Amino acid sequence: MSLLEVNNLDVRFALRRGDVQALRDVCFSLDRGERLGIVGESGAGKSVAAFSLLNLIARPGYIAGGSIRFDGQELIGMRDRALRRIRGHRISLIFQDPMMTLNPVLTIGEQMVECLKAHRRISTRDARAISLRRLEQVQIPSPSARLDQYPHELSGGMRQRVIIAIALLLDPDIIIADEPTTALDVTIQAEIMALLLELCEEHNVGLVLITHDLGVVSQVTQRMLVMYAGRVIEQGPTREIINDPQHPYTQGLINALPQMATPGSRLNQIPGSMPSLDNLPSGCAFHPRCGFVTRADGSTRQACVDRVPGFVTSGNCQAACHMVAEMIEHERLPAEEQV
Amino acid sequence: MSSTTTSAAPETAGPLLSLRGLEKRFSLSGDFLEQLKFKGGKLVREQQYVHAINGVDLDIQRGEALCVVGESGCGKSTVARTVMGLITPSGGEIHYDGERIDDRTTKALMPYRRRMQMIFQNPYASLNPRMTIQQTLEEPIRLHHPEWSPQRVKDQVAEVMASVGIAPDWGARYGHEFSGGQRQRIAIARALAVDPEFIVADEPISALDVSIQAQVLNLLMEAQRERHLTYLFITHDLAVVEHFGTRVAVMYLGRVCEVAPTATLFATPRHPYTQALMSAIPRLEDERPQHLRLAGEVPTPVDLPSGCVFHGRCPHADARCRSEVPALIATDEGGRVACHGVEEGRIG
Amino acid sequence: MTIPTSPLERSPTTSRRERLRDSYLLYSFLRDPIAQLSLLVFIVLVAAAVLAPWLAPMNPYDLAQIDILASELPPLWIDGSDPAYLMGTDAQGRDLLSTILYGARVSLIIGFGAVAMQAALGVCFGLLAGYLGGRVDAFLMRLADIQLSFSTLMVAIVVGALFKAIFGGATYSAYAVPLLVLIIGLAEWPQYARTVRASVLAEKGKEYVDAARVMGLSSRRIMFRHILPNTLSPIFVISTVQVANAIISEAALSFLGLGMPETQPSLGSLIKSGFDYIQSGSWWITLIPGLVLVVLVLVINLLGDWLRDVLNPRLYKG
Chain A
0 MSLLEVNNLD VRFALRRGDV QALRDVCFSL DRGERLGIVG ESGAGKSVAA FSLLNLIARP
60 GYIAGGSIRF DGQELIGMRD RALRRIRGHR ISLIFQDPMM TLNPVLTIGE QMVECLKAHR
120 RISTRDARAI SLRRLEQVQI PSPSARLDQY PHELSGGMRQ RVIIAIALLL DPDIIIADEP
180 TTALDVTIQA EIMALLLELC EEHNVGLVLI THDLGVVSQV TQRMLVMYAG RVIEQGPTRE
240 IINDPQHPYT QGLINALPQM ATPGSRLNQI PGSMPSLDNL PSGCAFHPRC GFVTRADGST
300 RQACVDRVPG FVTSGNCQAA CHMVAEMIEH ERLPAEEQV
Chain B
0 MSSTTTSAAP ETAGPLLSLR GLEKRFSLSG DFLEQLKFKG GKLVREQQYV HAINGVDLDI
60 QRGEALCVVG ESGCGKSTVA RTVMGLITPS GGEIHYDGER IDDRTTKALM PYRRRMQMIF
120 QNPYASLNPR MTIQQTLEEP IRLHHPEWSP QRVKDQVAEV MASVGIAPDW GARYGHEFSG
180 GQRQRIAIAR ALAVDPEFIV ADEPISALDV SIQAQVLNLL MEAQRERHLT YLFITHDLAV
240 VEHFGTRVAV MYLGRVCEVA PTATLFATPR HPYTQALMSA IPRLEDERPQ HLRLAGEVPT
300 PVDLPSGCVF HGRCPHADAR CRSEVPALIA TDEGGRVACH GVEEGRIG
Chain C
0 MTIPTSPLER SPTTSRRERL RDSYLLYSFL RDPIAQLSLL VFIVLVAAAV LAPWLAPMNP
60 YDLAQIDILA SELPPLWIDG SDPAYLMGTD AQGRDLLSTI LYGARVSLII GFGAVAMQAA
120 LGVCFGLLAG YLGGRVDAFL MRLADIQLSF STLMVAIVVG ALFKAIFGGA TYSAYAVPLL
180 VLIIGLAEWP QYARTVRASV LAEKGKEYVD AARVMGLSSR RIMFRHILPN TLSPIFVIST
240 VQVANAIISE AALSFLGLGM PETQPSLGSL IKSGFDYIQS GSWWITLIPG LVLVVLVLVI
300 NLLGDWLRDV LNPRLYKG
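First to last, the sequence lines map onto chains A, B and C. Numbered by numbering that gives the first Met the number 0, the letters in the first sequence go through residues 0 to 338 in order. Numbered by numbering that gives the first Met the number 0, the letters in the second sequence go through residues 0 to 347 in order. Numbered by numbering that gives the first Met the number 0, the letters in the third sequence go through residues 0 to 317 in order.
These are calculated hints, taken from the structure and not from any lab test. Remember, it's a predicted structure, so these values are computed and weren't measured experimentally. Please note that the accuracy of each hint is not assured.
[As the list claims (entries may be wrong)] Covered stretches of chain C (in silico footprint by chain B; criterion: 3 or more residues with CB under 8 Å from a CB of chain B, positions within the stretch not fixed):
(1) 201-210
(2) 219-230
[What the hints assert, rightly or not] Between beta-carbon pairs, the in silico distance windows are:
(3) B/90 x C/135: 21 to 29 Å
(4) C/297 x B/103: 18 to 26 Å
(5) C/138 x B/149: 36 to 44 Å
(6) C/115 x A/75: 54 to 62 Å
(7) A/295 x B/25: 53 to 61 Å
(8) A/148 x B/328: 37 to 45 Å
(9) A/259 x B/103: 42 to 50 Å
(10) B/305 x C/135: 54 to 62 Å
(11) B/301 x A/140: 47 to 55 Å
The beta carbon of each residue, even a glycine, is placed where N, CA and C say it ideally should be.
This is chain A alone, in the form it adopts within the complex:
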């Protein structure tokens, strides 16, 4: 059994127009020490997915259904006290903005010690020693001096290192990182990502990395989910999806990258933009932007407009697409007829 199993997660936001479904039928799992990337554009629901893992959805959002099992325990409906023991302790979070986690009026050392003492019976001296060791691990220059500094005295890159040190403080099983490097510069970003990867491997920590950057996902994660309009539309091993994406949206995302086109030529753009969650198109939410709704022979794939596609398995990947399902069907049928 996996360390973390999410099944049919359904998250809604109660707005004045009525409920808006932010996540529909989201299923995924994470093994111990595995690194999973969740990719999507803004509004796809990737951050909502991550926050709902720890029931951190702010009102008016709420979890309307599904199950999240962590290490055999059901997290949905768990009492706040019990959830707090898991949150920060066994599952820790890294936000895009380090100042969301750091308290500006406490020194780095005070915050780390406080965090340790909240979860363990430990002396201040020992807590400081552990904190120092963690700061060394995240390769902060002169770590002992940093313990007595305030967050605003550190640069952006250094703050994000401190956040990683805090995330690792209690030897968690899983780190959820929500766009951890988006606010940083390219060179710093590369360093932080490399550090995160190194530490996760070293400590056998699972990582859920939420990002819009396909390059980062391909370098750091082993498996990935692609989300569109609140649903997972493709999942599988990262390398396979990057090299041979099945879903037309994933294909579009990858092909739209400037590095996929010869310099100066036209980029392969996906027409239109992501629909708003309170007004999704019928059938497959991607169909108004999809080039495969019309078959090669000119006929329309009516299913795309009528029915929400289920997952079909192709190799090690799963994609929710009628076109892929049809192609697999076509490949299998002649084979069966021959038998």
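Please arrange chains B and C on chain A, whose structure you already have, making use of the hints.
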């Protein structure tokens, strides 16, 4: 496409825009009273500056897309805003089409305002929320062509909206009714409305989603082809530069450290900083990239390092780098690089 | 965690009425019974005041209609009242209901007039200070500081006393309303200037202002056409508070004898005129206009609170 630019061949051969020793520093010390400090029993006036750009020389040729790249705080946006006259430079000169423009009054700048336009980073802030799209697009046309009839203004707006892929009958809507990508198209339409020849684009796609970025980049390239535009394109994204730029200027701490044709720069980056920057691009192909790690982080532009601004993080720095500011020198590949190590042949 | 509300798929409705129907303003108003009640009371009071010449049983300004023998009559529900005077009469024998209606009219005229004056001054100064910055900003804001350090009372005493000394009491009575508008308007413009300046500073940093500058628009056009419309929300909010404040200021000044003369009473001078008779048991002359004043100010403030909550960009991003 009825562009007022009649033919592509200009008579003058010089660069369209050239920056000479451009400098800009911002005072950190507030107003006069706040600058007064007691030191050694005496009242002295003390001022601290952020050196956003110091000594930038750049030429932009007609028809090219010059990309300026660098990390946050390197001064690339300040260059863009200074060129557009949004910021008055503290030193140096800006020449447009052979004429000096940085010392002109607002009125004397007017003829240039039509020829140069700007596209901003944040499409959510660059459209006035209280104006309809039609009003937003008509305003620059009315200003620069007061003699045009209302019908002609309307036609021009319709044409420019169509050219960026926004249905002209959406003009009665307000900016907030559009998605980010559509807003950026409208912002581009506003820049194109007065048929400019030169466009400064300050991170025009970095606030957009991946699939929308491609749409906007395509639009910008299309506009360049059809309207013979010249771009000054500010970005931090090297992948975009490789695709879009004719030439690239790499900036670090307010200085240009390397300028080269795009293909040359990506094939043979010479400056150690350019090399580090290139190796940091997350690519799809390689699983475990070996990027060059730089020591430390970008210093603050308040107290600039002596000598080469990059020496503190450069693995090749020596005594000369710490004391002497390197000048841009031509390389064999056709670029220019400001590095003592390259000049001396220490760095390949 | 933002839910994108791309309006792409919404039908292209653009008429003003449809915009209002879809708007958050109307939605929250329909959800807020306090705001609805406040607006209702406010409209009733304003209508009554505006229509006073037609509604009031008698004209308190007309000496011929005043019967001095009918002074200090109690309201209808108390023994010894006269059915002709619903709310009784004051010490001079004026019908209290009529006097209150006329008085509310004077109070409202001064309140709105003073706020219009404050807004005109404050918005111009705030725009200039915020947009031009530098010395203009420093000068105007110091001026505002100085103005604020004089209380409304001091301004009123100085201006009122000067006016009375130069032109005499009779002229003063004739020009009391515009004079009070001027005094309260002058005394409180810095509130507007500060609010406007703060939001101009916020708007000035936005890219649409840069876009307007790049276009080559004049500073005046940028200030009034681009920045001002975007600072209207806070202006609306403080306007409600300021109207309430101006009405109270006027009442306070009148109570102290620095405001409206008793021959053309406002709510404040009515309260004052009755105050001397409280000891003799004629409490209604003070209490009833006092209650009207409190209700008027309260509903304006409640409306202001509601408006502030609705327009607060931190509570509602629109």
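Hints versus structure:
1. 201-210: holds (count 5)
2. 219-230: Since 3 is at least three, the answer is holds.
3. B/90 x C/135: 21 to 29 Å: holds, 26 Å
4. C/297 x B/103: 18 to 26 Å: Taking Cβ atoms as reference, residue 297 of chain C and residue 103 of chain B lie about 57 Å apart, which means the hint is violated.
5. C/138 x B/149: 36 to 44 Å: Given range 36 to 44 Å: holds, Cβ gap about 42 Å.
6. C/115 x A/75: 54 to 62 Å: Holds, since residue 115 of chain C and residue 75 of chain A (Cβ atoms, about 58 Å apart) stay within the stated range.
7. A/295 x B/25: 53 to 61 Å: holds, 59 Å
8. A/148 x B/328: 37 to 45 Å: Given range 37 to 45 Å: holds, Cβ gap about 41 Å.
9. A/259 x B/103: 42 to 50 Å: holds, 44 Å
10. B/305 x C/135: 54 to 62 Å: violated, 39 Å
11. B/301 x A/140: 47 to 55 Å: violated, 20 Å
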